[in-house]
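K.L.:
Throw the hints in and build the complete structure from the sequences for me.
Chains as they are written, first to last, in this note's numbering: chain V, 1240 to 1665; chain S, 1232 to 1569; chain B, 149 to 650.
It is worth saying that the hints were derived from the structure and are not from the lab.
It cannot be assumed that every hint is accurate.
[As the list claims (entries may be wrong)] One-sided excerpt, in silico: chain B residues whose CB lies under 10 Å from chain V:
id, residue
1, Ser194
2, Phe474
3, Ile475
4, Val490
5, Ala504
6, Ile572
7, Tyr616
8, Leu625
9, Cys630
10, Ser635
[As the list claims (entries may be wrong)] Straight line, CA to CA, 30 Å or less: simulated DSBU-like cross-link-like pairs of lysine-lysine:
id, chain 1, residue 1, chain 2, residue 2
11, S, Lys1452, S, Lys1370
12, S, Lys1260, B, Lys439
13, S, Lys1362, B, Lys571
14, S, Lys1370, V, Lys1295
15, S, Lys1539, B, Lys175
16, B, Lys246, B, Lys478
17, V, Lys1579, V, Lys1489
18, B, Lys571, B, Lys643
19, V, Lys1519, S, Lys1362
20, B, Lys246, S, Lys1539
21, S, Lys1370, V, Lys1519
22, S, Lys1344, B, Lys439
23, B, Lys439, S, Lys1306
24, V, Lys1398, B, Lys233
25, V, Lys1359, B, Lys246
26, V, Lys1398, S, Lys1528
27, S, Lys1306, B, Lys246
28, V, Lys1313, V, Lys1579
29, V, Lys1359, B, Lys175
30, S, Lys1495, S, Lys1528
31, S, Lys1495, S, Lys1362
32, S, Lys1260, S, Lys1306
33, V, Lys1398, S, Lys1344
34, V, Lys1295, S, Lys1452
35, V, Lys1313, S, Lys1370
36, S, Lys1528, B, Lys439
Since we're looking at a predicted model, the values are computed, not measured.
All residues carry an ideal CB built from backbone N, CA and C; glycine is no exception.
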Amino acid sequence: MTTISEQPGEPFRISQLIYDTRYRSLTIQMIAFILIMLGLGWLVNNTVENLAALGKDFDFGFFGSRSGYDINQKLIEYSSSDTHARAVLVGILNTLLVAVLGCALATIFGVIAGVLRLSKNWIVARLMTVYVEGFRNVPVLLWIIVIMAIMSESMPEPKDFRGDDPEATMIAGSIAVTNRGVYVPGVVFTRSLGGNETAATGDGAGETVPTGSGLDWLVILGVLGASIYASRVIAHRADKTQEETGVRPKTGLIQAGTIILPTVAVLILLGAQMARPELKSFNFSGGIHMRNSLIALWFALSLYTGAFIAEIVRAGILAVSTGQTEAAFALGIRPSSTMKLVILPQALRVIIPPLISQYLNLTKNSSLAIAVGYMDVRSTLGGITLNQTGRELECMLLLGLFYLVTSLIISGAMNIYNNVVKLKER
Amino acid sequence: MQKSVLLGAATVALLAAGAASATTLEDVKARGSLTCGVSTGLVGFAAPDASGTWEGFDVDLCRAVAAAVLGDPTKVEFVPLSTQTRFTALASGEVDMLARNTTWTFSRDVDLKFEFTGVNYYDGQGFMVPKSLGVTSAKDLDGATVCIQTGTTTELNLADFFRINNISYEPVPIETNAEAQQQYLAGACDVYTTDASGLASTRASFENPGDHVILPEIISKEPLGPLVRHGDNEWGDIVRWSLFAMIAAEEYGVTSANVDELAKGTDNPEINRLLGTEGDLGAMFGLDAAWAKNVIKSVGNYGEVFEKNIGENTPIGLARGLNAQWTDGGLMYSPPFR
Amino acid sequence: MTQSVSYVRDTMLPAQDPPALQSGPVKWVLDNLFSGWLNTILTLVSLYVIYQVLSGILPWMFGGIWDASSLTQCREIRDTELGGKEVACWAVIASRWKQLLFGFYPPESYWRVVLALVLFLAAVAPILFSGLPRKMLWLAVVAPFVVFWLLWGGTIWGPICVALGFVLGWAVLTYGEDIAGELAAILGAILIPILYWLFLAGPLARGIADFSSPILGFSSVISLVGATMAAAGIYLVTRRSSEIGATLLAIVAIIMWWAVVDPYLLVRFGLLEFASGAGLSAFGIEYVPSKQFGGFMLSFILGMSGIVLSLPIGIMLALGRQSDLFIINKFSVIFIEVIRGVPLIVWLFTASLLLAYFLPPGTSFDILLRVVIMVTLFSSAYIAEVIRGGLAALPRGQYEGADSLGLDYWQSMRLIILPQALKISIPGIVNTFIGLFKDTTLVAFIGLLDPIGLMTTIRATTDWNGIYWELFVFIGLLFFICCFSMSRYSQYLEKTLRTDHR
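P.N.:
Now the structure itself:
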């Protein structure tokens, strides 16, 4: 057999490139490669020619120049005399903020709606169906605009909080829901690591003004993370002791203390204070201002994505066969533990892969911030900066790259998690 | 099977693309219509009515150019452009000219490679506040929430103004005028800032216009005008002089009503040259001798267009102000037709 | 019957009605709404929410004003006749609904849009509903051209000349094999139509439209005889291979005759003046530039062309991603991931701002076409993933079975794998379409007048400045109806296709 197909010493012929299966795939690939390269080269060549014709160049130098515009929501220090690069960074952080908040809230909405859709309560199940179908079948853009309109049309104005007999009052005395956004109390520090300014004018001249900087929060989060890890270590050792001796040492108090005490200590060291929003000349000031645009975008994205997640959760729960529940009951496992130990781990395996793609969708949909004037990366880099400098090619390229990298990171991270929880087939 | 449409469409596009010729004027003549970039909707300046016909102050400028070049003001295809897409659309040749309340600035003229061909409306950025707020000057606006249309020069002016006066503000960037108006009316911002003409037209459409005041400060110069691409000077001249023809016509008292009468010949040689009865100005840039007559006959002179779209008898009710003729103390001044 | 033993009952008691609380609607209510304290609270809260929402919306909706010419007039009517009660001003819908549906399409041609939609639905029906006769698939071959012609108008020769390219390609593939061998035939089938489209189709279409009309063509004896002879000759030569093919080629010959020979003869013998004087514009309908497209019609066109055009690309990408060939595989993966990693709005801005840079200098594309190209590329990546799912879901045995029959790669794909994979992918494709259809609203940001873009434009007129909710409700409702019915269909399809747990 082999001697027929592989005659030794037969000279190589050109036609073998096409008819011999050993070489054909190589030939096809080479042709494909050349065609792709030619196509790319054509595009690049066109671009170069067009740029030359318009008298433009390809240069990222404009990022170092003064931006000249203000951004209302900034997580880092920024003013109109900073550079375009910094404005872009502010936009990137805003995109990430709304994406993270959105994913969290969408998961909550989705899980609640998904579980309630399976509820035995007829009216609740129907209501949830209306929610899911209503949000899934109408463009998210319309929802963003509608929620924005609801926020600005039907919430009280800041001036309604004024006077002896105000038309609106703050919730619990410290949360103000207005048509300019929601003002909630925030934490500020009198001994901020970012440095405190001294008040120059007004009643409290000479006193330090409490502020907050990213550095403070980083330190607090770091300490909190470390103490949670320490508490986990304690719990793990308790588990070990329980396995060996059958008696579990009481660690509840110690664990709680490990988490709370260091964090509280840091807060005191930094001089943490609650800053409550107060009505000043035109607006509330102090505390944290969650703007309408953020809230509209956040809620619309969460409700929209939540509707999809609800379907995923429902399908995930339904995918676990009833035999599993029955078997768990037969083993004498309590209903609450059955959910935790039997149903959820199995349902999660079905839920997580589509959930990842929903998170990705939400992150990408956050670019619809354009509809409500939320200053995300598209509005800064792909919006005002692009408009003021006229550098379409550079700005769009970077914008695309940012979203691509973000998507890849999210899907990469979630895939790692997915690999951890997925069924280990042996 | 389904591949067909893609290739079909691409083919049709390639066929259409092959027709591009040397100059914009030749293109427009060959096409038989002018493509003009306008706003996606700004009261009084550009908006389609129920039958889809575009109307407004900027729209009439497009119609004037169409009348000059093709002799027919209806031969215009309007391309609604957002603040984001307007410059690229012009640069890429998607539109022949842009008449979209665009401010003439150095960098747009020089760096973005456009040619502004005149000013059809002298504007400036102002502030509008509710009367109940009791604010009389923009300098009292410390800490106020300000609605702005994003992607425009107003954004930069605003940042500069507050910076110079060392007061703080909270910007609320908004994509369209309609959206900004809603936010302002609902009280989501204390102040609305845009070009004074925009403020006036917006205020005119309110349920109770009297409840709102426009503050006296005008914080910027906003000369709004039509623009074309760099490099086609003949086309730029046509757009420029179409506008000047309208302005000059008002100065000399030529209106759409009496233009036929005057075109038979008058004692004023300037009018004669304008209307093509004397000399041959039209031929100098490749147009019909009656080009200016067509403009005035079909859309009217500058004053007529102003009064029809945004003047004091319209709901918008703008006064002529800076846009009056130079003889009346305004800035509208046409170079001589000679 | 007698009781033999007093303490044993040997007859059945008559059946009794269940207790009132355990039967009928009461039981249902108790079981479903008030079965526990948690459920009771949930029910009450739900009822309260429903009441609040409905009592707010229903009077506003149904008390609306339909007859007014502007918002100011609406407000006057509200204040004088309804005592200031907040009601909807539906007059804006009454005056602008045509615009919201058709954009600025000329009203006298609305029938064309409707007909195009009907035709499109008829063409996809045999794909979507398996009960319909397979012969209807022929409609799907013709439909794209006719729909294109109906929407844009102009002469019918444009689409026909483009369609001819496919016939040409098919003919080369079928008949070229005998003459030049398989490989050359395949290459020719790809190259010849492309060359034809690039260089011949345009002049051909223009030639037919400008110079002659079929009526005139038929009336001239030369034309008739010439065309017939050419057609008959070709038919006779090629009949041996395939009857239908020969017929098609004969038709090609007739059209070519009209297009090339007739104009020449007309010019040669001075019949041109007569032709144009007679004003016989050949099967032309009014040309509508795409700038006049808008409203829901635009959303539909974008969604449908996006999906239909992306199917072939999507299939190719899915196969590429499964392929063993390294370069092709990597290229597919990169393409899919790049497209999917970046939001549609960025792609749309690319279409609007950058596409002009990537094309040869001097080419300027219609914005609608640029958006269609971008949307097609965008959805092709998503379609590719859907089809990859379909391919992966096929049991390995199908691939092995195809191999064991001795089919080569393309044969096994064409005859065994793809028909099955595509069938199970249809629900996914429909879902992608729903997503794309909803996403077409984003074109509002690049200045196209889709329903949301029109909303801004309508509010920019002095009459309707300041109106919001009515437009939101109308647009939302239309989208809901379309998307909801499609998602129901896709769910029904998933059920019918699920063959396992039965």
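K.L.:
Next, verify each hint and record whether it holds.
P.N.:
Outcome of the hint check:
Using the Cβ-Cβ criterion of 10 Å, the hint placing Ser194 of chain B at the interface with chain V is satisfied: the shortest such distance is roughly 5 Å. Proximity of Phe474 of chain B to chain V holds as hinted, the smallest CB-CB distance being about 7 Å (cut-off 10 Å). For Ile475 of chain B, the interface hint holds, since its Cβ comes within 10 Å of a Cβ in chain V; the closest pair sits about 5 Å apart. A cut of 10 Å between beta carbons decides the hint on Val490 of chain B: the least distance to chain V is about 5 Å, and the hint holds.
Annotation: interface hint on Ala504 of chain B holds; nearest CB of chain V at approximately 7 Å, less than 10 Å. A least Cβ separation of about 17 Å between Ile572 of chain B and chain V goes past the 10 Å threshold, and the interface hint is therefore violated. For the restraint placing Tyr616 of chain B at the interface with chain V, the shortest Cβ-Cβ distance is roughly 6 Å, inside the 10 Å limit, so the hint holds. For Leu625 of chain B, the interface hint holds, the least distance from its beta-carbon to any beta-carbon of chain V being 9 Å, beneath 10 Å.
Residue-level restraint check for Cys630 of chain B holds (minimum Cβ-Cβ distance to chain V is 8 Å; threshold 10 Å). For Ser635 of chain B, the shortest C-beta to C-beta distance to chain V is roughly 6 Å, which falls under 10 Å, so the interface hint holds. For the given pair, Lys1452 of chain S sits about 18 Å from Lys1370 of chain S by alpha-carbon distance, which is consistent with the 30 Å threshold. The straight-line distance between the Cα atoms of Lys1260 of chain S and Lys439 of chain B is roughly 19 Å, inside the 30 Å bound, and the hint therefore holds.
The hinted pair formed by Lys1362 of chain S and Lys571 of chain B fails the criterion: a straight-line CA distance of about 65 Å is larger than 30 Å. Between Lys1370 of chain S and Lys1295 of chain V the CA atoms are separated by roughly 40 Å; this puts the pair beyond 30 Å, and the hint is violated. With a C-alpha separation of about 72 Å, the suggested pair Lys1539 of chain S and Lys175 of chain B falls outside the 30 Å cut-off, and the hint is violated. Between Lys246 of chain B and Lys478 of chain B the CA atoms are separated by roughly 48 Å; this puts the pair beyond 30 Å, and the hint is violated.
With a C-alpha separation of about 23 Å, the suggested pair Lys1579 of chain V and Lys1489 of chain V falls inside the 30 Å cut-off, and the hint holds. With a CA separation close to 13 Å, the supplied pair Lys571 of chain B and Lys643 of chain B stays within the 30 Å bound. Distance check on the hinted pair: Lys1519 of chain V and Lys1362 of chain S sit about 19 Å apart at the alpha-carbon level, within 30 Å; holds. Only pairs whose Cα atoms come within 30 Å are accepted, and Lys246 of chain B paired with Lys1539 of chain S is accepted, the gap being roughly 27 Å.
For the proposed pair Lys1370 of chain S and Lys1519 of chain V, the alpha carbon gap of about 17 Å is at most 30 Å, so the pair holds. Proposed proximity of Lys1344 of chain S and Lys439 of chain B is supported: the alpha carbons are some 26 Å apart, at most 30 Å. About 14 Å separates the Cα atoms of Lys439 of chain B and Lys1306 of chain S, which keeps this hinted pair within 30 Å; it holds. Under the criterion of a C-alpha separation no larger than 30 Å, the hint pairing Lys1398 of chain V with Lys233 of chain B is consistent with the structure, at around 25 Å.
Taking the CA atoms of Lys1359 of chain V and Lys246 of chain B, the gap is about 45 Å. The hint is violated against a cut of 30 Å. Of the supplied pair hints, the one linking Lys1398 of chain V and Lys1528 of chain S is violated, its CA atoms being roughly 53 Å apart against a limit of 30 Å. For a cut-off of 30 Å, the pair hint linking Lys1306 of chain S to Lys246 of chain B stands: about 23 Å separates their Cα positions. Between the alpha carbons of Lys1313 of chain V and Lys1579 of chain V the distance comes to roughly 40 Å, so the proposed pair goes past 30 Å and is violated.
For the hint pairing Lys1359 of chain V with Lys175 of chain B, the CA-to-CA distance comes to about 13 Å; that is within 30 Å, so the pair holds. Proposed proximity of Lys1495 of chain S and Lys1528 of chain S is supported: the alpha carbons are some 14 Å apart, at most 30 Å. For the hint linking Lys1495 of chain S to Lys1362 of chain S, the alpha-carbon distance of about 54 Å lies beyond 30 Å, and the restraint is violated. For the hint pairing Lys1260 of chain S with Lys1306 of chain S, the CA-to-CA distance comes to about 11 Å; that is within 30 Å, so the pair holds.
At most 30 Å may separate the alpha-carbon atoms for a hinted pair to count; Lys1398 of chain V and Lys1344 of chain S exceed this at roughly 47 Å. A distance of roughly 28 Å separates the Cα atoms of Lys1295 of chain V and Lys1452 of chain S; the hinted pair therefore holds under the 30 Å criterion. A C-alpha spacing of about 24 Å is found between Lys1313 of chain V and Lys1370 of chain S, which places the hinted pair at or below 30 Å, so the restraint holds. For the suggested pair Lys1528 of chain S and Lys439 of chain B, the alpha carbons sit about 27 Å apart, so the restraint of at most 30 Å is met.
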